[in-house]
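Build out the structure end to end from the sequences listed, making use of the hints.
Per the numbering used here, numbering of the sequence shown is gapless, rising by one per residue and ending at 691.
For the record, the hints were derived by calculation from the structure and aren't laboratory data. Cβ atoms here follow ideal geometry from the backbone N, Cα and C, with glycine treated the same way. There may be inaccurate statements among the hints.
[Stated by the list, open to error] Within a straight-line C-alpha distance of at most 25 angstroms, the following computed DMTMM-like cross-link-like pairs (lysine to aspartate or glutamate) qualify:
hint	residue 1	residue 2
1	Lys295	Asp322
2	Lys282	Asp322
3	Lys347	Glu357
4	Lys328	Asp307
5	Lys629	Glu580
6	Lys399	Glu274
7	Lys630	Asp484
8	Lys506	Asp476
9	Lys435	Asp535
10	Lys587	Asp484
11	Lys348	Asp322
12	Lys652	Asp690
13	Lys297	Glu419
14	Lys666	Asp451
15	Lys650	Glu623
[Said to hold, decoys possible] Beta-carbon label-pair distances, calculated as ranges:
hint	residue 1	residue 2	range
16	Thr532	Asp472	21 to 29 angstroms
17	Arg370	His557	16 to 24 angstroms
18	Ser471	Thr532	19 to 27 angstroms
19	Leu439	Tyr603	22 to 30 angstroms
20	Ser578	Ser471	29 to 37 angstroms
21	Asp690	Ala611	46 to 54 angstroms
22	Ser662	Glu379	40 to 48 angstroms
23	Phe563	Asp310	35 to 43 angstroms
24	Lys295	Leu481	52 to 60 angstroms
25	Arg465	Thr309	35 to 43 angstroms
26	Lys478	Lys384	53 to 61 angstroms
27	Lys295	Lys570	57 to 65 angstroms
28	Lys543	Tyr603	19 to 27 angstroms
29	Lys570	Asp679	32 to 40 angstroms
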Amino acid sequence: MEVKIIQGTKQIGGCIAEISTSKGKILIDYGDNLDNTDQILIPGLTIKDDLPSAYKAVFITHSHGDHIGCASLIKKDIPIYVNRESMEIHNNLCYFTRSYKKVLRVEKNNIKFFEFNKPIIDNNIPKVTPYIVDHSSYNSAMFLIEEDGKKILHTGDFRNHGKKGSLLTKVLKEIGPVDLLICEGTTLGSENRNFTKESDLIKDFKELLKYDQIYFMCSSTNIDRIVNLYNSFKHTHRFIIDLCMNSITSKLKNIPNSNTFSDVITFVSPKQSKIKEPYQRYIRHTNNVIFDLPFDEKFAVSIKQSMEDYLIANKNKIKNACFIYSMWDGYIDPSWQDAKLRNFIELLKNELHMDFKKIHTSGHASKKAIENLKKIVKPKHVIVIHTIDSSEAKEEAKEIFGKSLLDITDGKTFNLEDL
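Structure representation (structure tokens):
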């Protein structure tokens, strides 16, 4: 078995791992680069070139754009293995951002839906088993690849401090020792790390019940966070979500949405309601839609930057209000290339006089979680991907994995038999 990290040993997001076996080559993930640069072009993989393909399949770990965002470009003769709900979440986000070229379509792409804990048996590829992991994206997966007595575990993005975190140890014990571990290292070397348990955030949210108006911002794919917000405020405030969030949660079983939860409302600002696609189409299939916030009542509502004009127009109705930022700090750090979100939050704080509250926990593995992973699967060799290119990150990886850590760079191929 040969392994090549096409991209990912020096960057977070846009990571691609190639595994070659006697049956052919497979890829794990094909997503967007977070810095908005073009994804690396892999010969024979996409519809952009006419070269014959050596790839027998591509496996997608989860619905975040930096893992699935380029998958729609893959040639139709190459199967794409993905979780059904992950694909639906990705497609919904593509519709709302008008990224129609990124939508995965059964008629255009060779889609194959996998089931967790069930090996994918195909004579054209090695044995691959997907396992569910805890992450800030619904139904995220790690993959175990097996052939000729060798085992490679690709973690994808994971953590153990979320609602499914307790499953991780059980899954890893089932997998057992592996020859090679390809492990995410997103938080290694980072100064801003918060690994509060997802369930403990409810306590922080409930400390805000004194506010009449609670405005919150979190990712529409962060289902655990949405559930925690709902459970925190449902007894005291009307719980209101935006149309994009509702379009995702309504596709999932027992997740707060206005189609099946009588105490959930979907808010669409007047400006948004005039947008033909995708808003008017989704409005037609959404229950309990309102076009004006109930400012005379207590409510908790998810907001987006596109609601800025509406909030400014109703400035005099905003009172005893707070704004919860429940997303990654990096998006509002001065170093982030896009200042629009920072400017929006400054508007909420300074012009609309909302108290600013930052309540969040990482969607990625802590050092302790990675150490626990190592302890259970006892990898002979380790590659860290999805990590920043810094001396601090490298030192922390060495501290965890010691001599088993391989010094691998993007594009370098190595054979497991030679290690």
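Here is what the structure says about each hint:
Our distance criterion of 25 angstroms between C-alpha atoms is met by Lys295 and Asp322, whose separation comes to about 22 angstroms. The hinted pair formed by Lys282 and Asp322 fails the criterion: a straight-line CA distance of about 30 angstroms is larger than 25 angstroms. For the hint linking Lys347 to Glu357, the alpha-carbon distance of about 22 angstroms falls within 25 angstroms, and the restraint holds. Taken as a hint, the Lys328 and Asp307 pair is broken in the structure, with Cα atoms around 29 angstroms apart against an allowance of 25 angstroms.
Distance hint between Lys629 and Glu580 is fulfilled; the C-alpha atoms sit about 18 angstroms from each other, no more than 25 angstroms. This hinted pair checks out: Lys399 and Glu274 have alpha carbons roughly 15 angstroms apart, not beyond 25 angstroms. Using a Cα cut-off of 25 angstroms, the hinted pair Lys630 and Asp484 holds, with the two alpha carbons roughly 18 angstroms apart. With a C-alpha separation of about 15 angstroms, the suggested pairing of Lys506 with Asp476 holds against the 25 angstroms cut-off.
A distance of roughly 23 angstroms separates the Cα atoms of Lys435 and Asp535; the hinted pair therefore holds under the 25 angstroms criterion. Annotation: proposed proximity of Lys587 to Asp484 holds, straight-line Cα distance about 15 angstroms (limit 25 angstroms). In summary, the hint linking Lys348 to Asp322 is supported, as the alpha carbons are separated by about 12 angstroms, within the 25 angstroms threshold. Only pairs whose Cα atoms come within 25 angstroms are accepted, and Lys652 paired with Asp690 is accepted, the gap being roughly 13 angstroms.
Taking the CA atoms of Lys297 and Glu419, the gap is about 12 angstroms. The hint holds against a cut of 25 angstroms. A C-alpha spacing of about 21 angstroms is found between Lys666 and Asp451, which places the hinted pair at or below 25 angstroms, so the restraint holds. For a cut-off of 25 angstroms, the pair hint linking Lys650 to Glu623 is broken: about 54 angstroms separates their Cα positions. The supplied range of 21 to 29 angstroms is met by Thr532 and Asp472, whose beta-carbon atoms lie about 28 angstroms from each other.
Distance hint check: the CB atoms of Arg370 and His557 are about 18 angstroms apart, consistent with the given range 16 to 24 angstroms. Judged by the Cβ atoms, the range 19 to 27 angstroms given for Ser471 and Thr532 holds: they are separated by roughly 23 angstroms. Checked against the hint of 22 to 30 angstroms, the C-beta distance between Leu439 and Tyr603 comes to roughly 28 angstroms, which is consistent with it. For the pair Ser578 and Ser471, the supplied restraint of 29 to 37 angstroms holds, since their beta-carbon distance comes to about 31 angstroms.
At about 48 angstroms, the CB distance of Asp690 to Ala611 agrees with the hint of 46 to 54 angstroms. Remark: the range hint 40 to 48 angstroms for Ser662 to Glu379 is upheld by a beta-carbon distance near 44 angstroms. For the hinted restraint 35 to 43 angstroms between Phe563 and Asp310, the CB-CB distance of approximately 39 angstroms keeps it satisfied. Lys295 and Leu481 have their C-beta atoms about 57 angstroms apart, which keeps the hinted 52 to 60 angstroms range intact.
Separated by about 26 angstroms at the C-beta atoms, Arg465 and Thr309 break the suggested range of 35 to 43 angstroms. Distance hint check for Lys478 and Lys384: the Cβ-Cβ separation is about 43 angstroms, which falls outside the suggested range of 53 to 61 angstroms. The beta-carbon spacing between Lys295 and Lys570, approximately 60 angstroms, falls within the hinted interval of 57 to 65 angstroms. Between Lys543 and Tyr603 the Cβ separation comes to about 23 angstroms, which falls inside the hinted range of 19 to 27 angstroms.
The hint said 32 to 40 angstroms for the Cβ distance between Lys570 and Asp679, and at roughly 56 angstroms that hint is violated.
Checked against the numbered hints above, the structure violates hints 2, 4, 15, 25, 26 and 29; every other hint is satisfied.
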